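Engineer: Here is what each chain is made of, one letter per residue.
Number of protein chains: 4
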Amino acid sequence: MHIHAEVRNAEGSMGIRVAVAGASGYAGGELLRVIAGHPEFDLVAATAHSQAGSPVSAVHPQLAGLDLTLGATDAETLSGADLVFLALPHGQSAAVAARLAEGVKVVDLGADFRLESAEQWTRYYGGGHAGTWTYGLPELPGARAAIAGADRVANTGCYAATIILALAPLIAAGVADPEDVVVVASSGTSGAGRNAKVNLLASEIMGDLSPYKVGAHQHVAEIKQATGAGSLSMTPILAPMPRGILATVTARRLNGGDPREALQAAYADAPFVHVLPEGSWPHTAATAGSNSCHLQATVDIDSGRIIVVSALDNLGKGAAGQAVQNANIMFGLPETTGLSVFGVAP
Amino acid sequence: MHIHAEVRNAEGSMGIRVAVAGASGYAGGELLRVIAGHPEFDLVAATAHSQAGSPVSAVHPQLAGLDLTLGATDAETLSGADLVFLALPHGQSAAVAARLAEGVKVVDLGADFRLESAEQWTRYYGGGHAGTWTYGLPELPGARAAIAGADRVANTGCYAATIILALAPLIAAGVADPEDVVVVASSGTSGAGRNAKVNLLASEIMGDLSPYKVGAHQHVAEIKQATGAGSLSMTPILAPMPRGILATVTARRLNGGDPREALQAAYADAPFVHVLPEGSWPHTAATAGSNSCHLQATVDIDSGRIIVVSALDNLGKGAAGQAVQNANIMFGLPETTGLSVFGVAP
Amino acid sequence: MHIHAEVRNAEGSMGIRVAVAGASGYAGGELLRVIAGHPEFDLVAATAHSQAGSPVSAVHPQLAGLDLTLGATDAETLSGADLVFLALPHGQSAAVAARLAEGVKVVDLGADFRLESAEQWTRYYGGGHAGTWTYGLPELPGARAAIAGADRVANTGCYAATIILALAPLIAAGVADPEDVVVVASSGTSGAGRNAKVNLLASEIMGDLSPYKVGAHQHVAEIKQATGAGSLSMTPILAPMPRGILATVTARRLNGGDPREALQAAYADAPFVHVLPEGSWPHTAATAGSNSCHLQATVDIDSGRIIVVSALDNLGKGAAGQAVQNANIMFGLPETTGLSVFGVAP
Amino acid sequence: MHIHAEVRNAEGSMGIRVAVAGASGYAGGELLRVIAGHPEFDLVAATAHSQAGSPVSAVHPQLAGLDLTLGATDAETLSGADLVFLALPHGQSAAVAARLAEGVKVVDLGADFRLESAEQWTRYYGGGHAGTWTYGLPELPGARAAIAGADRVANTGCYAATIILALAPLIAAGVADPEDVVVVASSGTSGAGRNAKVNLLASEIMGDLSPYKVGAHQHVAEIKQATGAGSLSMTPILAPMPRGILATVTARRLNGGDPREALQAAYADAPFVHVLPEGSWPHTAATAGSNSCHLQATVDIDSGRIIVVSALDNLGKGAAGQAVQNANIMFGLPETTGLSVFGVAP
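Residue numbers (the working numbering), protein chains in the order written: chain A, 119 to 464; chain B, 119 to 464; chain C, 119 to 464; chain D, 119 to 464.
Please keep in mind that the hints were generated in silico from the structure rather than gathered at the bench.
Don't take each hint at face value.
Intra- or inter-copy, both count: the list cannot distinguish identical chains.
What the hints assert, rightly or not - List time: in silico SDA-like cross-link candidates among lysine to any residue, alpha-carbon distance up to 20 Å:
id: 1; residue 1: K315; residue 2: A268
id: 2; residue 1: K315; residue 2: R378
id: 3; residue 1: K331; residue 2: W251
id: 4; residue 1: K315; residue 2: P207
id: 5; residue 1: K315; residue 2: T416
id: 6; residue 1: K223; residue 2: R312
id: 7; residue 1: K315; residue 2: A263
id: 8; residue 1: K331; residue 2: G422
id: 9; residue 1: K315; residue 2: V177
id: 10; residue 1: K315; residue 2: S235
id: 11; residue 1: K315; residue 2: S168
id: 12; residue 1: K331; residue 2: Q238
id: 13; residue 1: K315; residue 2: H167
id: 14; residue 1: K315; residue 2: A266
id: 15; residue 1: K331; residue 2: R262
id: 16; residue 1: K315; residue 2: S172
id: 17; residue 1: K331; residue 2: G245
id: 18; residue 1: K315; residue 2: Q169
id: 19; residue 1: K223; residue 2: A261
id: 20; residue 1: K331; residue 2: Y243
id: 21; residue 1: K223; residue 2: G450
id: 22; residue 1: K331; residue 2: P395
id: 23; residue 1: K315; residue 2: E297
id: 24; residue 1: K331; residue 2: G267
id: 25; residue 1: K223; residue 2: S235
Just so you know, these numbers come straight off a predicted model, no measurement behind them.
Could you put together the complete structure from these sequences and hints?
Structural biologist: Right under this line is the structure:
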């Protein structure tokens, strides 16, 4: 498969050469869009499995004007890149990563390298554990330095990012009891991938809220690892919107601490995480197309539990935006390069 | 205001004469639709405040063909009815009810007469407590008999119905800890009423999930009263769909009890409450346009908490359907008369 | 495949025995819902291809409580029925119909038997022409008598029904020029069927309007046959809603005729076709779940062309409702039996 | 009202000072988003009527992180700007523009200055004609030069832009008959503005297609002026999506010309107008958040009419994006500066 490198919108002259493996899905499409507008990235290759040979704009009509053809996901196609994003189905990243040269920086959007514990991997995902890469959530304490020094970074999952950003500071500050966390989180349909399944058809989804994997979602392991939560009940729900995750995270309050202050302290310098003014609650549409996460917290007047609500774009801060933010840090660029703080709304 | 009593679709010859006060809102429109198809009800009057004088079909285009003009909400217009449904804004039911003759049966869809405790009323709603009517959720133990003997029934709130049906049997059976209940519930927009507000505009809602009244929703008092829950955290969310409520109810598990069995035992004879086969989870679209509530329960593999998911149509089992079910019981009719068990989907 | 005949909601004692072949799709599900509430129909069998053996409620969650198992689409399963609805993929009706006994009444929701001209069939559908059955649009002049005398009726297509109801009276009355008709019609996604295709995924559809088969839709032949139009340009568009078709039909005006009066005259006695009051325009949501069609007409102030807008539910008057209306007529029942004039809205 | 000029995301050092009058609506919000990411623009003021004094992010939650307070729409607040965008209700632009200094460049997103004919203005809008500014659709022949030399530019209307881009080249090339144009165009709800009206509520819009102003839309005058069309029938429809316009433009074909070639020739050098590959049809979601317009054309096999389909984002190429494109040209910047060619999808 020949690669057309003359990307219409790339204008960086000494840019970083970037490839996207698994570019035909929704996260892949969003990666291409963000990369095409990134001042330091030159998009040199995009690969896909069954759609290799198709123009990118045939697979992603929103990219009409991007002159690039999808290649096969093999070492040759990816070999010219300084930076490779892997947006592959779970379980396929390890094989592709193994064929990339050592100096190439890689961000994996899949789950393969997120967990430290092989046992937890097997419990939640099944099969053999591929290994552990640097965990790519820059807003966690110490994470920026670790990411800056890494060549291989495992991007946070979309649900996980939404929930960890809401919960981690509360547990770290001793405000929330890590042994009694209850999460209900709803996701837009792009989070379920570009898979031709009857239950994802528009006719079934519009007007509908439907829970799935109730009581046993695989992101629980990742959330517990990153937050220190000991017990966490999670109910994921599919919502009738293309993008966005809204997580309601509740926990028993400890020591009369103020959950909103804990969040403000944790994210004072984070350009993409906004603790909203008191009385304003996050909603997903406000984050669409951006790399921002919006947060708010209160204490329930009846039960006294802490309630934190967190919203982000599952394809933005939950996937492609997050991945580019990690890559920016890996290359020593300002964290916000090529990323939008502002959502596209309404 | 003259009343046109020749309703095109009513065909009952010795029917019960029915009036709807507050017929211009969404619950009022749904009441008219259900009543028009009810074999024992004759719709004789429908009233509204600012739209008195308009044909019903001008206010509710889905009722084109219903030959009825909206009257004023006064004693004269409502005087010919054997049964009056009140679908008025909160706080207005008492004044209208006071003007109805004693023998007239009344179902109030508002909150005014739901609470037993004047103190709770003032805490959650503010203002003076109008009183307490028979609580209209037929599936609660003993409720059918109470409703059958009552002339005044207070219909359950929409969120409350969804959550009470999920929670009451678990607390009654000793399976769930009443002191640690966490609820996150999402509602379609018709639950917010037919009010011209910017935050309810389609442009703001589509693609958006937005929480509101977090930690302080007024239905909490009603839910606690009906279930015996002692502590309940509730987060309500507005979802981008016209109808439907999906509630995720979690509670600490007691005594290793089986939550699904408790639900099955409670609703074995309830025609409108369906505990789904194991592995099937409720979703809102399946209940749209019906008076059914769908339930499923499990135990979280990580936290051991009970998770119950409950779905219904906020205008159906959450409002108009429920009200007609109560009225059926009040008049000694089969509970299901004129009501649909089946949803309109997709 | 054994058939469970004890349908929970059927209560007719001397009912007509009804079977649905192809019950797993959206039109099939709607047929089951309408039949289950029909006072003279007893649902005795529902068949499907790949999902034979599944409970109906597993395939159609909105029918929870309907105790029926899907059978195979064969002569044995269908043999006990007095009335069979065929809701099969195009091209499969002829083979199934051939195996049904002569006295059995059949309504085919597919296209196979709609066209009179074998040449037109081949042009628009390709392949061999199966034959021509009585055309099942009762509101056309003379159609009720023909349907009442028929054992085999070909149900109108969903786009075709929307457009023919708007256009036929204008051409018949000499108000519209049959040689210059332009139609743009948008359909909800259930019109595209329950097919697991990427372009029908919720993520692709929500927020999107997408035209397809532009300039060459197969319903054109059927519309011309039923209306006498000589030249018709049709652009179909997929709209982000589960149900509903809105057709804008424009034509050159002849003789200064009044298009609205022509429509009123044509449908004065049609219980399901409503010419709205002047100034009110049809919209799809008002017809959802009903068997009604809403119409309005005007003359464009700039071009002088006639504009008629027509709305109906593609699964109602465009498929299942229409089919039951035809069956009612075939069995001598009142046309409206078991069908709703009123939509489920919002 | 004091103006906070320290906009977080503006980084241009010698930037053009920009103000937005009427910033609280949807077009105003989109303008703020685009300006905040524009490398040569410094946002110095944003004004609103009733919401003056509110932080921008309280009115536009998607702009959380933009540190700016809405001012009053008066000469003082706008006086520091080199460039002013007017996004005011129709009829208010003239008064505000009159108070701006002569050298200030102004782009008006309203209709006030679009029409050349006072008579047409009065016919379609009523009231007195404010005057005529340079018409701001850069892709029209000769328009770029006119815009580059203008200090006052009237931005094209959203429907008008969609339709003119589809139609103008066909009439100019003699391919389409200007005396027989039929347009049906559907718009997302943001095109109806941020007005608290019942008919724009989410409950009414979701699941619904509703026509309005049938046969008498005010954009007809603008379209005829810009394209040379002599007779044009237009039916506008409100669609259940927040953004996007899809126009189907049909016209009688002249001289056997090829409509697609005419479009390709007209837009060969237009960076934002994409004539799609044959067989691909425009859909609105692919243009969301971008300044692109997608086009495709064919000849109807039955009627021989030309059918052109045009899609764009009503807030992008139909309003804010178009306005920034015009401003870029007015300031001698590359036309694409700060604008995205690519849509945000899904």
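Engineer: If a hint holds in the structure, say so; if it does not, say that too.
Structural biologist: Results for each hint:
Taking the closest pair of Cα atoms, K315 and A268 never come within 20 Å of each other, the shortest separation being 37 Å inside a single copy and 40 Å across copies. Taking the shortest alpha-carbon separations for K315 and R378, neither the intra-copy value of 40 Å nor the inter-copy value of 29 Å comes in at or below 20 Å. Proximity of K331 to W251 under the C-alpha cut-off of 20 Å is found in neither arrangement, the shortest distances being 26 Å within a copy and 41 Å between copies. Taking the shortest alpha-carbon separations for K315 and P207, both the intra-copy value of 16 Å and the inter-copy value of 19 Å come in at or below 20 Å.
For the homomeric pair K315 and T416, neither the shortest alpha-carbon distance inside one copy (39 Å) nor that between copies (25 Å) is at most 20 Å. For a Cα distance limit of 20 Å, the shortest separation of K223 from R312 qualifies neither inside one copy, at 26 Å, nor across copies, at 43 Å. In the homo-oligomer, the alpha carbons of K315 and A263 never lie at most 20 Å apart, since the shortest distance is 41 Å inside one protomer and 44 Å across protomers. Taking the closest pair of Cα atoms, K331 and G422 come within 20 Å of each other only across two copies (15 Å); inside a single copy the shortest separation is 28 Å, beyond that limit.
For the identical chains of this complex, K315 and V177 are neighbours both inside a copy (18 Å) and across copies (14 Å), given an alpha-carbon limit of 20 Å. For the identical chains of this complex, K315 and S235 are neighbours neither inside a copy (32 Å) nor across copies (37 Å), given an alpha-carbon limit of 20 Å. Proximity of K315 to S168 under the C-alpha cut-off of 20 Å is found in both arrangements, the shortest distances being 17 Å within a copy and 15 Å between copies. For a Cα distance limit of 20 Å, the shortest separation of K331 from Q238 inside one copy, 17 Å, qualifies, whereas the shortest one across copies, 37 Å, does not.
With identical chains, the CA atoms of K315 and H167 are at most 20 Å apart both within one copy (18 Å) and between copies (18 Å). Taking CA atoms no more than 20 Å apart as the test, K315 paired with A266 passes in neither setting, with 39 Å inside one copy and 41 Å between copies. Taking identical chains as interchangeable, the C-alpha atoms of K331 and R262 are never at most 20 Å apart, the minima being 32 Å within one chain and 36 Å between chains. Taking the shortest alpha-carbon separations for K315 and S172, only the inter-copy value of 18 Å comes in at or below 20 Å, while the best intra-copy value is 22 Å.
Only within a single protomer do K331 and G245 lie at most 20 Å apart by alpha-carbon distance; the minimum there is 19 Å, versus 44 Å between protomers. When the C-alpha separation of K315 and Q169 is checked against a cutoff of 20 Å, the pair qualifies both within a copy, at 18 Å, and between copies, at 15 Å. In this assembly of identical chains, K223 and A261 lie within 20 Å of each other by CA distance solely inside one copy; the values are 17 Å within and 47 Å between copies. Only within a single protomer do K331 and Y243 lie at most 20 Å apart by alpha-carbon distance; the minimum there is 13 Å, versus 37 Å between protomers.
In this assembly of identical chains, the alpha carbons of K223 and G450 lie at most 20 Å apart only when taken from the same copy (12 Å versus 40 Å across copies). When the C-alpha separation of K331 and P395 is checked against a cutoff of 20 Å, the pair qualifies only between copies, where the shortest distance is 15 Å, while the shortest distance within a copy is 34 Å. Taking the closest pair of Cα atoms, K315 and E297 never come within 20 Å of each other, the shortest separation being 37 Å inside a single copy and 41 Å across copies. In the homo-oligomer, the alpha carbons of K331 and G267 never lie at most 20 Å apart, since the shortest distance is 36 Å inside one protomer and 44 Å across protomers.
When the C-alpha separation of K223 and S235 is checked against a cutoff of 20 Å, the pair qualifies neither within a copy, at 24 Å, nor between copies, at 62 Å.
In the structure shown, a violation is registered for the earlier hints numbered 1, 2, 3, 5, 6, 7, 10, 14, 15, 23, 24, 25, in ascending order.
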